[in-house]
Every structure is written in structure tokens, then in C-alpha cells.
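Engineer: What follows is each chain in one-letter form.
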Amino acid sequence: MKTIDKATEKMISIAEENLIDTAFDRLDLQLPQCGFGELDLCCRDCNMGTCRIDPFMELPGKGPKRGVCGLTDDMMSARNFLKLVTRGTSAHATAAKNVSTVFKGVAEGKVPYQVVDDEKLKEVLEKLECEDVSCLSERALADFSKDEGTLNFLKMIPEDLINLWQKLDILPTNINQEIVEGAFRLNFGVGADPYDQILHALKLGIVDGASLFISSELQDILFGTPQPKEGESNFGTLNKDYVNIVAIGHAPVLFEKIYEATRNPEIRKYAEEKGANGIEVYGMMCAGNELFVRHGTPMLGNFLQQEFAALTGAVEAVVVDSGCVMPALVETASDFHTKIITTTKEAKIPGAEHIEFDYEKADEIAAQIVNIAIDNLENRKEARINIPKEKTSFTGGYSKLPADKIASAIADGEIKGIVLLWGCNNPKTVHDRSHVEITKGLIKNDCLVFGTGCWSYAAAKSGILTEATELSGDNIRRFCEDAGIPPVVHLGSYVDTSRFCSLVLEVAKALEKPIKEIPVVTCAPEWSSEMEVATSMFFVALGIPNVFGVTHPAGVANVRDILATKFEDTTGGKILFEKEPERTVDVILDNLKGRG
Amino acid sequence: MEKIMYVDIEKCVACYTCKMQCALQWSDKDNVFQASREVPQLQSRIRVKKVGNYSIPMTCRHCEVNPCIEACPTEAIYKRDDGVVVINPAICIGCQSCIKACPIGAIYFDVKKNAAVKCELKCSNAFEERDFCCVESCPTGALIYADFGKVAKERV
Numbered sequence: 001m002k003t004i005d006k007a008t009e010k011m012i013s014i015a016e017e018n019l020i021d022t023a024f025d026r027l028d029l030q031l032p033q034c035g036f037g038e039l040d041l042c043c044r045d046c047n048m049g050t051c052r053i054d055p056f057m058e059l060p061g062k063g064p065k066r067g068v069c070g071l072t073d074d075m076m077s078a079r080n081f082l083k084l085v086t087r088g089t090s091a092h093a094t095a096a097k098n099v100s101t102v103f104k105g106v107a108e109g110k111v112p113y114q115v116v117d118d119e120k121l122k123e124v125l126e127k128l129e130c131e132d133v134s135c136l137s138e139r140a141l142a143d144f145s146k147d148e149g150t151l152n153f154l155k156m157i158p159e160d161l162i163n164l165w166q167k168l169d170i171l172p173t174n175i176n177q178e179i180v181e182g183a184f185r186l187n188f189g190v191g192a193d194p195y196d197q198i199l200h201a202l203k204l205g206i207v208d209g210a211s212l213f214i215s216s217e218l219q220d221i222l223f224g225t226p227q228p229k230e231g232e233s234n235f236g237t238l239n240k241d242y243v244n245i246v247a248i249g250h251a252p253v254l255f256e257k258i259y260e261a262t263r264n265p266e267i268r269k270y271a272e273e274k275g276a277n278g279i280e281v282y283g284m285m286c287a288g289n290e291l292f293v294r295h296g297t298p299m300l301g302n303f304l305q306q307e308f309a310a311l312t313g314a315v316e317a318v319v320v321d322s323g324c325v326m327p328a329l330v331e332t333a334s335d336f337h338t339k340i341i342t343t344t345k346e347a348k349i350p351g352a353e354h355i356e357f358d359y360e361k362a363d364e365i366a367a368q369i370v371n372i373a374i375d376n377l378e379n380r381k382e383a384r385i386n387i388p389k390e391k392t393s394f395t396g397g398y399s400k401l402p403a404d405k406i407a408s409a410i411a412d413g414e415i416k417g418i419v420l421l422w423g424c425n426n427p428k429t430v431h432d433r434s435h436v437e438i439t440k441g442l443i444k445n446d447c448l449v450f451g452t453g454c455w456s457y458a459a460a461k462s463g464i465l466t467e468a469t470e471l472s473g474d475n476i477r478r479f480c481e482d483a484g485i486p487p488v489v490h491l492g493s494y495v496d497t498s499r500f501c502s503l504v505l506e507v508a509k510a511l512e513k514p515i516k517e518i519p520v521v522t523c524a525p526e527w528s529s530e531m532e533v534a535t536s537m538f539f540v541a542l543g544i545p546n547v548f549g550v551t552h553p554a555g556v557a558n559v560r561d562i563l564a565t566k567f568e569d570t571t572g573g574k575i576l577f578e579k580e581p582e583r584t585v586d587v588i589l590d591n592l593k594g595r596g
Numbered sequence: 001m002e003k004i005m006y007v008d009i010e011k012c013v014a015c016y017t018c019k020m021q022c023a024l025q026w027s028d029k030d031n032v033f034q035a036s037r038e039v040p041q042l043q044s045r046i047r048v049k050k051v052g053n054y055s056i057p058m059t060c061r062h063c064e065v066n067p068c069i070e071a072c073p074t075e076a077i078y079k080r081d082d083g084v085v086v087i088n089p090a091i092c093i094g095c096q097s098c099i100k101a102c103p104i105g106a107i108y109f110d111v112k113k114n115a116a117v118k119c120e121l122k123c124s125n126a127f128e129e130r131d132f133c134c135v136e137s138c139p140t141g142a143l144i145y146a147d148f149g150k151v152a153k154e155r156v
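Same order as they appear, the protein sequences are chains A and B.
Following our numbering, the numbering of the first sequence begins with 1 at its first residue and continues without gaps.
Following our numbering, the numbering of the second sequence begins with 1 at its first residue and continues without gaps.
Here chain A stands alone, though its shape is the one from the complex (with noise of 0.2 angstroms):
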């Protein structure tokens, strides 16, 4: 079994019948895949290189066990982990620059975009002890620079905490700067120990964090804070007779552009003018929750399913801009009509349209991307289209959490815990299959399920966000009905993490305890992407435990026992791992039991 998603498994057939190969087909081509890669034991950063370390023994017994530099199999296996901290950390901090520069823009009136959200705002201002919109650009821009001191997106924190990372040497400066510092490290004869390269990775993971605060409070100052909303999932929601453009990626600041363009009278009327009975744009992944949360647009779905957005023959033009967005896209949309068009400067794709995103013409650029769609809408072939008919309706986009009543309920022990589930799909496990099942499990047993990225799309297809109220555990029921929110809380985007970790910090104010006294946990099932380890050593700095799904991000035991217990009796944050669905809900109410 490849889903458990129906609409999905169609696809993945009228895929087969086109001949047209999907990430299935092609992770079944890599198999067997490296088993040195999977177990950390390859390391090609230098010119010696390229070295592997033999796990097994090496007839006649001479096995390489350290590499031409000397680097043993945990040197190795430290060094990819904070490879891929320093990438992942890379991607948010990238995205934090973006909304920031975009933020400095708006105080100096230069781009079109306006502070949509006034109470957000004066709440921001307030938290950061900045005046105006300027100060607050500054501020966010200087997270960037600083030479001394942290970072100013660090206020949230409780000084306790930022004490304690002080003493372990892990209070980030500034965000470029430690990242710079992680390519450092993993230079030509550079790091080698491997607790201090995870010590690092652990710094970079306050970095990840504080971006995610940057990019999810300043977007909701531009976009407005989301309130909960009804919506609906999958590619049923495709109409037939639309122009319909889908937007792959993460931020809103292109999005929204798009979604603005759509409802403009004048471009409505020319796409009527053509032969389309409206017009819509469909959100995939982050973007798409992104959009929804604010606009209650279609969530036409995750990760695997991008492919198969062009492969409905009723897609216009699909837009990304960058991070998670498969190559694969332009040779799967070849044979049908859709348009790839990418945006951003560093995430071209061969053979897609490339349309340049720049801030100051943001309308402009929406709408002749919305214009080539519209356009585009002769070319769609009828007999080409298959709109599988799976739609689910679900209610989310939450971003008020009564925190107070979360606290006492846990302090009652009426609910066993808090618990976030995140993060991509994996095709090496069934797609949504895991967070499904995980999210069942741990309503049945009292916790409470907030859910953030691809898992939003998971929960909303199978419907368990509507039906969550019947598959939960009594005292959870009486909770939820009391406090006003569902068991199953979709939050919103990967960024949206940060609404999570206020919450935690939030209720454990209100419990007078550090977080590691706290019952939470973080999982990731099915994750794919770097940004879900880098962000999983935010979780371990602020002492929450996290469980990965499908394989430890690190192969190597040694490494793996540092991530595991090197930081429980200091932040009490650690990395797990657990493959199968039906055991990680033990290890998560496990980790729930132990604490506080």
C-alpha cells in the first residue's frame, strides 16, 4: 500500500495508465537504497574523499573504520546531522529575511503591502518594547546582524530558559552568524567532536525557532491573524469550470498577491471573457494552509501529492516558490497543459516559466502570473481531465489557545498532555497513514492533538478533524466542549510551529514550572524535509522530547544517545525515534507519563 488517501491512489493510477512515473515509482528505481548514506557511514566533503566506514567486518579483517582524515564512523555521522541543521535552519532563516525585508518595506511605504492586523501589531510592539512599525522592521532586520547580545525574537523566551542556554553556550548572537558558523564547522578538517557539533546544531535550533516567531508574527501583522474556519480538503475541490491555480511552497507574500489578483473584478471578468465561470487558487502544503487559515481557500493537498496537481488536466498554472517543490513537476505537467511557473531567484527549475518575484511590483506580478493562467485556459484538453471526487470539509486555522485552561486541565490531570504532530510525507511510508493513526491513538488516551504543515492535510482528508470529538477519550470530550477548541487543533503552516511553542511556553507560566515539567511532545511521522530536524533541536533546546518517524536523522549509535540523553537532564529535551505508527503512540504517552 503506497496511501490511504483514495484521491491519491487515483492519481497514482491514471500516473501508471500515462505512464508517467511519480516519487512511488521512483524511490522503487533507488531501491536498494545506500545503506552507507542511510547509516551516516559516506562522507564526501572533502577531496580525499569520497570515504565510507565499513559497518560490518571487513574481510580480511582490515575494514576501513575511519576515513582518509581519520573521521570515525560518530565525526561522521555528527557532521551530516548538522548538515542538515544548518540547511533546514537556513530554509526558516531565509523565509524569516524575506517577511522582515518585506516588513522594512511596508514602514517605508516602498512595497504594496499594509499592517493589516493593528492589535497583533500593538500586541508585537508591545513584546519586543518597540513604538512603531519601523522600530519593529529594525528589530527584526537586527536579528540578522547583531554583533552582540541574542536575538530580539528571543523576548518570548522565559529568562530562566535563556540563562540556561547561556550556560551552555548555545544563546545565538545572530542568525546569519551562527549559521555561517555551522558551514564552518563542517569544513575540511574543521569540527570533529561530536557532542560539540550537536551542541551547535542545538544553537542553530534557537535560530530555527526564533525565525519561525519572526516569519509567523510579522506575517499576521501583514495578513491578519487567523481566526478558526471552515474549509475543504483534497483534489475534489477542483472546479472544472474555473481557471485553477495552485500555489506550491511556503509564504504567504506571493500568495496572498495571487489570492488578491483572483478576486479582482477586472481579472474575474477576463477570465469569464474566456470561457471560465471564475476563478480559484488552491493551496498545497505550507501555501496552502497558509492561504487557507486566512482566506478559507481549498487545501488541495501534501507533499506526494504535488505531482499529481497537473496530472487532473484541470489545472492552469501552478505556482511555487520555494522549499519542499519537486523538480519533478515540469516533466510530469510535460505531457499535460498545466504551466510551472517558479519565483524565486534561488529555486529555479529547468523548463518551468520563471517569473522574477520582487516586493515593490508584487501587483503587478500577481496578476500577469493569474493572466498567463487564464490564458492558458484553452490549451486544457476535456477529454484530458480527471478530478478524483474525494473532498473532505473540516474546521481549522486556530491560533487563539485558551492556554489557562489547558494548564489547569493538565494540573487536574484531566488531559494526559499536550502533543504537536508535523512535519512532510515520506513515500519510503505509507503516505498520511501515520499521522492519521498517530492522531487516533492519542485522542483515544486523553491528549490533546495540535497539528501544523502536512499533517493538516492528513487530518483534514481523513476527516478526523470533524470527527475527532467522537474518537476521543471522555475527559478529553469534556475538556474540549468546556474550552471551546476541538481535540484535534489544526494550527496552520510549518511556521505556525511557533504558535505550538507559545502555547507550551504559555502554559507552563501558568504552571509556575520549566517546560521539561510540562507534558508535552513533538512528533514528526512521516518526515522528509532537513527543516523538521533542524527544527526538532528548537524542540530539544526548549525541552521538549520529539519523536521521528521513518528513520533517525542520524545513523550512528554514538550520535544517537547524545540527541537522546545528553540534553534530558539539562534543557530535558531529547530526539526519538520510532518507525511503526502503533508504537510511537506509546513512546508518546511514555514521555508524556515521565514528566510532571
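Simulated from the structure, these hints should not be mistaken for laboratory data.
Here a beta-carbon is modelled for each residue, glycine too, at the ideal position from N, C-alpha and C.
Check the hints yourself; a few may be wrong.
Said to hold, decoys possible - Straight-line alpha carbon distances no greater than 25 angstroms define the calculated BS3-like cross-link-like pairs of lysine-lysine that follow:
| id | chain 1 | residue 1 | chain 2 | residue 2 |
| --- | --- | --- | --- | --- |
| 1 | A | LYS6 | A | LYS240 |
| 2 | A | LYS391 | A | LYS509 |
| 3 | B | LYS50 | A | LYS65 |
| 4 | B | LYS122 | B | LYS79 |
| 5 | A | LYS579 | A | LYS566 |
| 6 | B | LYS49 | A | LYS65 |
| 7 | A | LYS65 | B | LYS113 |
| 8 | A | LYS127 | A | LYS146 |
| 9 | A | LYS120 | A | LYS104 |
| 10 | A | LYS345 | A | LYS110 |
| 11 | B | LYS122 | B | LYS3 |
| 12 | A | LYS155 | A | LYS127 |
| 13 | A | LYS65 | B | LYS29 |
| 14 | A | LYS10 | A | LYS240 |
| 15 | A | LYS579 | B | LYS29 |
| 16 | A | LYS83 | A | LYS97 |
| 17 | B | LYS79 | B | LYS113 |
| 18 | A | LYS6 | A | LYS509 |
| 19 | A | LYS240 | A | LYS391 |
| 20 | A | LYS2 | B | LYS29 |
| 21 | A | LYS83 | A | LYS104 |
| 22 | A | LYS428 | B | LYS29 |
| 23 | B | LYS113 | B | LYS150 |
| 24 | B | LYS112 | A | LYS65 |
As the list claims (entries may be wrong) - Quick list of the computed label-pair ranges, beta carbon to beta carbon:
| id | chain 1 | residue 1 | chain 2 | residue 2 | range |
| --- | --- | --- | --- | --- | --- |
| 25 | B | GLU154 | A | ASP28 | 32 to 40 angstroms |
| 26 | B | VAL151 | A | VAL68 | 35 to 43 angstroms |
| 27 | A | ASP358 | B | VAL51 | 51 to 59 angstroms |
What the hints assert, rightly or not - Not the full set, but computed from the structure, chain A residues with beta-carbon under 10 angstroms of chain B:
| id | residue |
| --- | --- |
| 28 | LEU31 |
| 29 | GLY35 |
| 30 | PHE36 |
| 31 | ASN47 |
| 32 | GLY49 |
| 33 | ARG52 |
| 34 | GLY555 |
Starting from the known structure of chain A, arrange chain B on it as the hints suggest.
Structural biologist: Coordinates of chain B only, in the frame set by chain A:
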């Protein structure tokens, strides 16, 4: 028609996938993570040797006529009914005669056990059901197990 194992040395990139897969066959674990931690450590029965500019995977061909069996003074090496050549480690005295006798260098000496070890086709069902795991896992198709006639024709 008789099938033979053939190595297309132009195609071998020394990725050691065959070695990894071979070692895994000797474990009851289904994943490399657990298998790599087994004690005693697992052993691969195929080796990739660098000769000049070429990398050559070397493994037992389970020959028709077996110099290794003839060379063994204790009859520790024998051919099973299904044609697979195996070593009985209880009888092997570690004299290494078989290693010297093997024309393709497919038998290795395990210093710790003081015994010879070789491919015993853990992965395949008597040449019939499926390819050898080294052949099956080879990402470039450098290892070939095919009809003698077909291979001979392609080599010309």
C-alpha cells in the same frame, strides 16, 4: 541453457551496494540500522577489488568443477545437492588451501574464526527463483547473471 555470473567491469563504480546487501543476508533483521549493530559483526561474501583503473566485484560462481573442493584437505568444502558450494566451519582448519586454489579470488579468510568464508547463496533459492542479491542490488548493472550464450554473444 546454463546461466553464468558475469561482471561488466566497465560499469562497476565501487559503490559497495553489493557488499552491503550481501552482509545483510546473514542477519535476520530487515533493516541496515539493526543489522549493522549485530555482534559478532556480519560479514559480506563479496568484495570489490581495485585493479588499475577498474573496480572488480569478486564473488563465488559456484563452478561446475571446483578447485576449492579438490584443494580442501578436510572436506570442509562441499557442493550441496542444489549446486551451492558451502563451507562447514566446524571442519575447516584454516589452512587457506581453498583460497589459493580459487581462480577468481572469491574465498576469504576470517582471522577471528580461523576459517574460510565464501558466498553460500543465502539470498537466492538454488539459482532459480531470483537473482543473487548482489546482482539484484547492483545500481549500474555491472553484475550480470544470465544465459551463457547471451553473455558470450554480448561480449563479442
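Engineer: Now tell me, hint by hint, if it's right for this structure.
Structural biologist: The hints, checked one at a time:
no.: 1; hint: LYS6(A) with LYS240(A); result: holds (19 angstroms)
no.: 2; hint: LYS391(A) with LYS509(A); result: violated (40 angstroms)
no.: 3; hint: LYS50(B) with LYS65(A); result: holds (18 angstroms)
no.: 4; hint: LYS122(B) with LYS79(B); result: holds (14 angstroms)
no.: 5; hint: LYS579(A) with LYS566(A); result: holds (22 angstroms)
no.: 6; hint: LYS49(B) with LYS65(A); result: holds (17 angstroms)
no.: 7; hint: LYS65(A) with LYS113(B); result: holds (20 angstroms)
no.: 8; hint: LYS127(A) with LYS146(A); result: holds (19 angstroms)
no.: 9; hint: LYS120(A) with LYS104(A); result: holds (17 angstroms)
no.: 10; hint: LYS345(A) with LYS110(A); result: holds (21 angstroms)
no.: 11; hint: LYS122(B) with LYS3(B); result: holds (18 angstroms)
no.: 12; hint: LYS155(A) with LYS127(A); result: holds (7 angstroms)
no.: 13; hint: LYS65(A) with LYS29(B); result: holds (22 angstroms)
no.: 14; hint: LYS10(A) with LYS240(A); result: holds (17 angstroms)
no.: 15; hint: LYS579(A) with LYS29(B); result: holds (14 angstroms)
no.: 16; hint: LYS83(A) with LYS97(A); result: holds (21 angstroms)
no.: 17; hint: LYS79(B) with LYS113(B); result: holds (22 angstroms)
no.: 18; hint: LYS6(A) with LYS509(A); result: violated (43 angstroms)
no.: 19; hint: LYS240(A) with LYS391(A); result: holds (14 angstroms)
no.: 20; hint: LYS2(A) with LYS29(B); result: holds (23 angstroms)
no.: 21; hint: LYS83(A) with LYS104(A); result: violated (31 angstroms)
no.: 22; hint: LYS428(A) with LYS29(B); result: holds (18 angstroms)
no.: 23; hint: LYS113(B) with LYS150(B); result: violated (40 angstroms)
no.: 24; hint: LYS112(B) with LYS65(A); result: holds (17 angstroms)
no.: 25; hint: GLU154(B) with ASP28(A): 32 to 40 angstroms; result: violated (26 angstroms)
no.: 26; hint: VAL151(B) with VAL68(A): 35 to 43 angstroms; result: holds (37 angstroms)
no.: 27; hint: ASP358(A) with VAL51(B): 51 to 59 angstroms; result: holds (57 angstroms)
no.: 28; hint: LEU31; result: holds (8 angstroms)
no.: 29; hint: GLY35; result: holds (4 angstroms)
no.: 30; hint: PHE36; result: holds (7 angstroms)
no.: 31; hint: ASN47; result: violated (17 angstroms)
no.: 32; hint: GLY49; result: violated (13 angstroms)
no.: 33; hint: ARG52; result: holds (7 angstroms)
no.: 34; hint: GLY555; result: holds (7 angstroms)
Hints 2, 18, 21, 23, 25, 31 and 32 from the earlier list are contradicted by this structure; the remaining hints agree with it.
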